[in-house]
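Chains as they are written, first to last, in my numbering: chain P, 2 to 319; chain C, 2 to 319; chain Z, 2 to 319.
If you are wondering where the hints come from, they were derived from the structure by calculation, not from laboratory data. Keep in mind that the hints are not guaranteed to be accurate.
Distance condition first, Cα-Cα at most 16 Å in a straight line; then the derived EDC-like pairs of lysine to aspartate or glutamate [unchecked claim]: (1) Lys309(C) with Glu279(Z); (2) Lys291(Z) with Glu305(Z); (3) Lys253(P) with Glu274(P); (4) Lys40(Z) with Asp69(C); (5) Lys309(P) with Glu279(C); (6) Lys89(C) with Asp69(C); (7) Lys309(Z) with Glu279(P); (8) Lys40(P) with Asp69(Z); (9) Lys40(Z) with Glu73(C); (10) Lys302(Z) with Glu305(P); (11) Lys302(C) with Glu305(Z); (12) Lys291(Z) with Asp69(C); (13) Lys89(C) with Glu51(C); (14) Lys40(P) with Glu73(Z); (15) Lys40(P) with Glu305(Z).
Some chain Z residues judged to face chain P by a derived CB distance under 7 Å, without partners named [to be verified]: (16) Leu70; (17) Ala125; (18) Asp126.
Backbone N, C-alpha and C define an ideal beta-carbon position, used for all residues, glycine too.
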Amino acid sequence: MGACDDNDGPADARRSLDVLVEALLASYRSDARGHRINKQHIPSRDQIIEIVELLLQVFYPGYFGRQDLTDENLSYHVGELLSTLRQKLAIEVARCLCFAAENGGAPTVGKETTSCELADRIVADLPRIRALLIDDIQAAFDGDPAASSLDEVILAYPGLLAVTIHRVAHELHRLGVPLMPRIMSEWAHAQTGADIHPGARIGRSFFIDHATGVVIGETSAIGTRVKLYQGVTLGALSHPRDAQGRVIRNAKRHPTVEDGVTIYANATVLGGETVVGEGTLVGGSVFIAKSTPPRSRVAMKPPELHVKEDAPAVDFEI
Amino acid sequence: MGACDDNDGPADARRSLDVLVEALLASYRSDARGHRINKQHIPSRDQIIEIVELLLQVFYPGYFGRQDLTDENLSYHVGELLSTLRQKLAIEVARCLCFAAENGGAPTVGKETTSCELADRIVADLPRIRALLIDDIQAAFDGDPAASSLDEVILAYPGLLAVTIHRVAHELHRLGVPLMPRIMSEWAHAQTGADIHPGARIGRSFFIDHATGVVIGETSAIGTRVKLYQGVTLGALSHPRDAQGRVIRNAKRHPTVEDGVTIYANATVLGGETVVGEGTLVGGSVFIAKSTPPRSRVAMKPPELHVKEDAPAVDFEI
Amino acid sequence: MGACDDNDGPADARRSLDVLVEALLASYRSDARGHRINKQHIPSRDQIIEIVELLLQVFYPGYFGRQDLTDENLSYHVGELLSTLRQKLAIEVARCLCFAAENGGAPTVGKETTSCELADRIVADLPRIRALLIDDIQAAFDGDPAASSLDEVILAYPGLLAVTIHRVAHELHRLGVPLMPRIMSEWAHAQTGADIHPGARIGRSFFIDHATGVVIGETSAIGTRVKLYQGVTLGALSHPRDAQGRVIRNAKRHPTVEDGVTIYANATVLGGETVVGEGTLVGGSVFIAKSTPPRSRVAMKPPELHVKEDAPAVDFEI
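For reference, chain P alone in the conformation it holds in the complex:
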């Protein structure tokens, strides 16, 4: 089965393979896009995902990675973890910087800053980030009646995983490391269904319940004690274009969400000028593209429903 060479002899098979190979090589030669041939530097997605997994062990020791941690072995464990993490970070940060440079991108970090310094800055920042995450865990537990313990939040809440990765990716983005933050955030998106752009600014005690379908755009600004449910979009209005008709890559395109706001399932908030005022509750499936006053309650006037009784199913259209 599948011993295809026997069809018409290995020689013919080899020849036909040569033809297929040549066609593909022509496809690579014909266009510089879509391949990395004769280039030296590319970040390793696998290594970046390993970095993410090491970060989870650093933030939540005993929940992720080694489970038998005690006061005796802890410092050795953490020392080994951090030294590995620092090395991997430095290597991948270097690859991302060289990759961008090789592609002729404008330098995103000062020439004098080495990848090792950047890696050290990230590692030195982990305790501060971890303090934020502890508040996020508590916010999830306090905000969800179905949560039975903080442990459950750490082990089984996709919203916490998404925010954990975001808080690191945002730091890398802020430091000007190219590509790595987006690869991290996309990994989190695939795991959790929540797509948070590394550029988004998010305050303390943030909670996303259920997570699937949440999209938080690059220039969103979110205050403290904000709670989002599944399917919430913080998005842009249609993109302004330049004279050449290309989309303009700058300016605030996504909403500002002030402290203490809750946005229920599948609500959509659009526009860089839009400010959801402090303490506002935005109801499920609400669609808004303008600002709301502080402490307001925004609910959709329930759309009029047609309720037909005992109609045959075949009559029914969705």
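Add chains C and Z to chain P, keeping to what the hints say.
Below, chains C and Z alone, put in the same frame as chain P:
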């Protein structure tokens, strides 16, 4: 590249690492939340996922795991499978119980019940659960014109995977096993995009088409022959809080969906009092927080649309 | 812990295991559905996923798989890649064909066509498919102000991954290969949140932003330069049933989307007769089940909102 120790000598590098380690240790010491240090018991997420994969082999032999099953080798294969499954279940159930006890949680199962007895109960229950799953497979095939065979449903329908895991997780939840059911349901959520809380009660012949974005809350009650499409939420209204302002963790918060109901894409049904009457069809994007009569057809009055012809794109806002 | 045999002696444990095994065997014997026992042929999901990963290396060399590609080693690398891919494809295509035949399905490819010929046709088609994908990459970059480079699109855009898999799965579907296309598209769905049926016809320069929750039905027809956002459904109205009350598995059930259309987040377009006219912009959360004229702008009349200021949170219902 990344040989950071060479920057300023290994000694300095070592010293700087010590500083980073110390800062992190301080972060662990300062707060009991977010780590499991000097604790003995924690469930292994990896082991629980292995259990899930063994369950798929038990429910759908030949589709998952070993493929050369015959009447001769079947009983040996199943015997080995079940003995492995039973051992792993007993170990992880014990870990979950000890974990909860160590955290001072109220005992969720009778003191006299051993983890081995709980594991045996689950394993003994698998044939009953499997019979439900066969009905679920048939319901998916009967309900989707795009399904070309039962095999396709078993191998490629995320809704079936989500329901398969749910039916086991619900049993574990019912038996009072902490954490494991949520870790299982969250694994299924990550695979399928459907977030079904282990507490939800779901009748026979259940089908979720496309699955992504479906959320079924903890206290939902779903009858037989119910069909949901992507993005359907069976959710809670805003949570009542106690005198201390903490959410109250009890009482029915999610809807009841009676026999033979179909709920189309992205519809939202909210509230513990809400009953979707037997045989009702709920249209796409409908938003309801009150009960519907049996055999009714609930469709959204299509929201008035602005249709502008030949307007320049730049004028357009989403 | 978990040494369950010690409870009541290994002999008893063995006996109790025998009972559990027998109950499960009875479950398999009682119903032909849900197992593949005494059957010879089943496609290997793992092998099909390996094929998908090889395809990514073929389409985007240097981004996926080996990273040190140069003009010297390229042809050897590609030759090895294609010969492996061709073998694996031929084997799995054969398995899928035999599997369907064993299940008594009507033959989906001409008797004379061998699995090797089918594999060769797919491989020979890869350069054409790759050219389409380059346009998709460019469309994503041009359509998203947050995209900083084509590299970012290739490495971190779920929409591109979903379309990449779709363009191959659609070819396999067109050639009549059973099961494999759906297993591929479901793998992509799990990775990206976008559920594109292999049957859907999609033109050049297609872009799905954020991807999560997008559903594109089997008989959808999509033109060139179309852009979709997260949560967009191209779906069916309620399914017509035959005299026996079984859904009819044919006819166009899903919309036609003409060239240059943009459909914003969470919009729903339903029905096989529905044609979204060339150049139309469909606004976020719009719900339509009838055709729109060319170059029109379809926006939802923003649903009337209740805005209550300074209302206590407890009063608020989602």
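These are the hints, each one checked on the structure:
1. Lys309(C) with Glu279(Z): 14 Å, holds
2. Lys291(Z) with Glu305(Z): 23 Å, violated
3. Lys253(P) with Glu274(P): The hint holds at about 8 Å.
4. Lys40(Z) with Asp69(C): Holds, because 8 Å separates the two Cα atoms, which is no more than 16 Å.
5. Lys309(P) with Glu279(C): OK: Lys309(P) and Glu279(C) at ~14 Å, within 16 Å.
6. Lys89(C) with Asp69(C): 24 Å, violated
7. Lys309(Z) with Glu279(P): 14 Å, holds
8. Lys40(P) with Asp69(Z): With Cα atoms ~8 Å apart, Lys40(P) and Asp69(Z) stay inside 16 Å; holds.
9. Lys40(Z) with Glu73(C): Between Lys40(Z) and Glu73(C) the Cα gap is close to 13 Å, so the pair holds against 16 Å.
10. Lys302(Z) with Glu305(P): It holds: about 14 Å lies between the C-alpha atoms, which stays within 16 Å.
11. Lys302(C) with Glu305(Z): 14 Å, holds
12. Lys291(Z) with Asp69(C): 50 Å, violated
13. Lys89(C) with Glu51(C): 9 Å, holds
14. Lys40(P) with Glu73(Z): At roughly 13 Å apart (the allowed maximum being 16 Å), Glu73(Z) and Lys40(P) satisfy the hint.
15. Lys40(P) with Glu305(Z): This hinted pair is violated, its Cα atoms lying about 56 Å apart.
16. Leu70: 5 Å, holds
17. Ala125: 6 Å, holds
18. Asp126: 10 Å, violated
Of the hints listed earlier, those the structure fails to meet are numbers 2, 6, 12, 15, 18, in rising order.
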